[in-house]
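Q: Chains as they are written, first to last, in full-length UniProt numbering: chain A, 1 to 642; chain B, 1 to 642.
The set of hints was computed from the structure by calculation and includes no laboratory data. Keep in mind that this is a model prediction, so the values were computed, not measured. Note that beta-carbon positions come from the ideal geometry of N, C-alpha and C, so glycine has one too.
Chain B regions said to be covered by chain A (calculated; three or more residues, Cβ under 8 Å):
no., segment
1, 181-190
2, 623-631
Ranges of calculated distance between the beta carbons of each label pair, as one might list FRET restraints:
no., chain 1, residue 1, chain 2, residue 2, range
3, B, 147, A, 318, 25 to 35 Å
4, A, 227, B, 533, 35 to 45 Å
5, B, 150, A, 494, 24 to 34 Å
6, A, 100, B, 435, 29 to 39 Å
Protein chains: 2
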Amino acid sequence: MPLGERGGWERSESRYCGVETDFSDDVPSLLSFHISTGGFDYVLAPLMNPSYRPSLVEGNGSDTQVLPVSGSDLVLAPSQWSSHVVGKISSWIDLDSEDEVLRKDSETTLKQEISWATHLSLQACLLPTPKGTSCANYARCVNQILQGLTSLQLWLRVPLVKSDGGSADATSEGQNDSWELWNSFRLLCEHDSKLSVALDVMSTLPSEASLGRWMGESVRAAIISTDSFLTNARGYPCLSKRHQKLVAGFFDHAAQVVVSGNPVHNLPKASNSNTEGTQRHPLRSYLDYVAYLFQKMESLPEQERIELGYRDFLQAPLQPLMDNLEAQTYETFERDSVKYIQYQRAVAKALVDRVPDEKASEITTVLMVVGAGRGPLVRASLQAAEETDRKLKVYAVEKNPNAVVTLHNLVKLEGWEGIVTIISCDMRFWTAPEQADILVSELLGSFGDNELSPECLDGAQRFLKPDGISIPSSYTSFIQPVTAVKLYNDVKAHKDLAHFETAYVVKLHSVAKLAPSQSVFTFTHPNFSTKANNQRYKKLRFNLPSDAGSALVHGFAGYFDSVLYKDVHLGIEPTTATPNMFSWFPIFFPLRKPVEVHPDSPLEVHFWRCCGSSKVWYEWAVSSPTPSPIHNTNGRSYWVGL
Amino acid sequence: MPLGERGGWERSESRYCGVETDFSDDVPSLLSFHISTGGFDYVLAPLMNPSYRPSLVEGNGSDTQVLPVSGSDLVLAPSQWSSHVVGKISSWIDLDSEDEVLRKDSETTLKQEISWATHLSLQACLLPTPKGTSCANYARCVNQILQGLTSLQLWLRVPLVKSDGGSADATSEGQNDSWELWNSFRLLCEHDSKLSVALDVMSTLPSEASLGRWMGESVRAAIISTDSFLTNARGYPCLSKRHQKLVAGFFDHAAQVVVSGNPVHNLPKASNSNTEGTQRHPLRSYLDYVAYLFQKMESLPEQERIELGYRDFLQAPLQPLMDNLEAQTYETFERDSVKYIQYQRAVAKALVDRVPDEKASEITTVLMVVGAGRGPLVRASLQAAEETDRKLKVYAVEKNPNAVVTLHNLVKLEGWEGIVTIISCDMRFWTAPEQADILVSELLGSFGDNELSPECLDGAQRFLKPDGISIPSSYTSFIQPVTAVKLYNDVKAHKDLAHFETAYVVKLHSVAKLAPSQSVFTFTHPNFSTKANNQRYKKLRFNLPSDAGSALVHGFAGYFDSVLYKDVHLGIEPTTATPNMFSWFPIFFPLRKPVEVHPDSPLEVHFWRCCGSSKVWYEWAVSSPTPSPIHNTNGRSYWVGL
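With the rest of the complex left out, here is chain A (with noise of 0.2 Å):
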């Protein structure tokens, strides 16, 4: 019985909990009574006989042999296989030890078991935690299995822990770290998408720095023993404020929680057999608090539910100078009023600061809108001047000839002939009959100059007085490393080169942000020197917060934060948002090859902002820890039209 279905949280993986049990034979009365009786949605059970080894059958293999199998297909369904359990591969084995037996034995069992619950259609089998350090054959092994796989998918089991040694300590805290043991499984495997994290929650926590890398891991299972709960005054399993956080943190990520071990809270007794002696789950108060947990989680916002299916869904950017956009896409950005509220607010003080009250009545301000779409900025713009009681021209400059047509509809509907000229033209190409004092554009990417904004004002800039204003005046952007592991794998599912050197828009969820956000580029308006141009460099260096471990940098989130006139700002930098603003979703730059960072070597990074006679493209690299190959060299991969 799912744990909660309200709040836009009715489709998330993560309201399904599970609990792990024994070995039985008998899997009919294992589920209904962990199921029917416990409440829980799933088993994690032994799929064989913990006491089944290969190299002890006789007869010189299994030939002959039947497997001891927990339960056949014929005493229960696939369907009700799939649905309510999850397959717990023999957690004997180990093939990595040094005992050729025993590698042997193991590396039969783990590829029988896996072959048996492919032929049950389970959906995940949970994998043993590697015994020692070293799981280099563990993961050859599990690599070859993943070849063969189709829909099965495989939960490598990981301690959470990682100590607390300090910074100077790299080197036994690194073995310390069961991230480092995930992180070396997984590359081994070359990051294959059917490989997934089940985190054992322990009773003690590392960092929070070190807990927030694995929200960019692929974490399907987080397995909370009994252990770990505290005793609330009742009497009853609670976590601590860390674990709940912990949680909330894992839920919002789509894992599930496994409840696991043995009960260890003594309950009042009237509460463990509440119903005429029908036994009730010895785990069911676990199960409850957990339900809990899950209900108690905010309920999204209209907008998040909106967005919910572009979570970690990567986009192209937009080619707003080569292509036109559609009316749909118009009417999207037009519906978010926050922007505009802040254009007005923008130009209410440019008018103001133009005009003195005293000569509100005489002076007409000349304001030229470019990139004017179906609009917006045309009424806020008016809405500015009727706010200030100042008068106003406004030009409406617009290159995509359908949306001429919805500005010329507009005019005529709100009566604003008077004092709104359309002009059907690319604002680069435009002769302009006067000049003016307020040159008011939105042109921005996610990445703030990534739609050349810049290349758009420095054409548009010829009509505007030498002390005329530019709304935007200025707008930066920003980058931070973060662990990516989904994009990573969606990239990667192209299969070729051009899809890594490529930014996409996308709305991060699944995402670690590794170190605050640094600024990238800047460009500010107007700029009236010869000597300008838009070309750009910029080496960045980040450092991981010094408890946090080591983690994998698979490429770089960007936003930007513009300054639209004085303290009047807009952005999507995570720390200086501007709020419940959806226009733009974040960019993301991805890596060819994931690099790996430790808080004692900074990551260095270096972004270039190239310019050609029919084009403008970035290219990026790193060179520290270990360089990179610069990326999107000319812009062969990815680049913007002029």
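The hints should help you fit chain B onto chain A, whose structure is shown.
A: Chain B only, in chain A's frame:
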């Protein structure tokens, strides 16, 4: 005038010697002086006036300005430019300067000069040494340029320095190792094959181990300053023993010497103007010394000359079980007399052990040659019998019906009809009429078991007596990590995964061996154990010498050693290789992404030999310092058919 013309060196690029010059706008005179008078083969000369700065040119750019080049394509024919001039890019450029004007001037000039060099059809340009520790913007610009080049080569000038800091002082040491600079630059440029290195040889040389690394890199030139020469008893320039050894290494690896700087040796007057007042070139005595070193190089042995064309040339390994060898291949291998002498010695010892002298005339030893080919092992066995005066009965088993034809002719020709029985059959499926005392085979590949000798001999040992002897009685494979830029680039040129997951037979030459080889898999014959199988797993750990500095591992060189019988061995492992045997080149296992290793962090490597029902394959991976993906999973790219 090339340095020499003999001993197998007449085709080496290293026979040309250059001289570094200052800027001159009279290139014909420059060439006349240095080449005709001086005897050098080419000049390394600036292409542009060193005082030129694009930002100082009036008229806002170079639109109306003629570039201040050293000479146009009219003063010298393209063929002369091409064969006598290596362009020296302005040494003032600094693309990673904090000064943005200097940075942009540097980029403009660099692109102009390369464009000009391309116009002149130069073969190569020398890029100045990066100024600071950072070189990312320089590398970005060079990388952009490299994409457009077809024949022009770029040589990055790098001083040959590495501080001797102990390995404890790893961080500061790294910064003083110029290899690190080169490595960063070329990784950023993604190992472009048109980018190589020119080393400035100083008077002080770093450790031997650190010099060794360069032999696997693409070093095109060694620029030796006159300061680095010593003075011999007669007042002439000479080089230290260590310098001589280094230069010999460069000659052997096709790197050219360039003499640089002002003369610092005051020669006896007479030799300065030896022919009636004609001024001798001031650097002539340095050139003469370089020529002396070149001519002192030992002539290449005959076999080495034959194999010159195979140096660093990747070949797919044979598939001797699936394919039949051609007559030409048999002939080549049969010429390797050393190999058959070893077999004869082994058979002789086995015969003597098996049949005491007093029974020599009674007992007939049954010897089976499995994989008899065209008969060389039959001949060696018969000679061993003659030599030891033992009676022999030989079965020659061969699966290739074409070779069987030759065998029949050989037996007739030699009159062996009474002794040798020819069996046209695959040894794995032959039903032998009697059991053998001695099983002789030569089924070894460069990596020992890689041509499936274990599987063949497992099949053949059915007809070996329980106390019978297999020759070879065992064999072991070996690997060692190598820097091998040339091989890596040749693999990369295929632009697919499969070639990075294939092992190649290759005569290794431009390869730096980074650590002593270690044993991998051993097979012993006969092996009647029922538990025996031919799957293998080996974990290896390699340490670089502590004074080597960091190095890039492109893959692993592989070898074998085989015990034929008792103390008679045969092999190609470098430290124990059988002299003058040429049947096997080493094997090379590439890495998909080269791994940087340091003396402080051992390289941990895993090799697997996997067996399926129809094929045998290897998988391999690096687990430390950074895990690689597992190569060739399930033999998807490279396998040997059963």
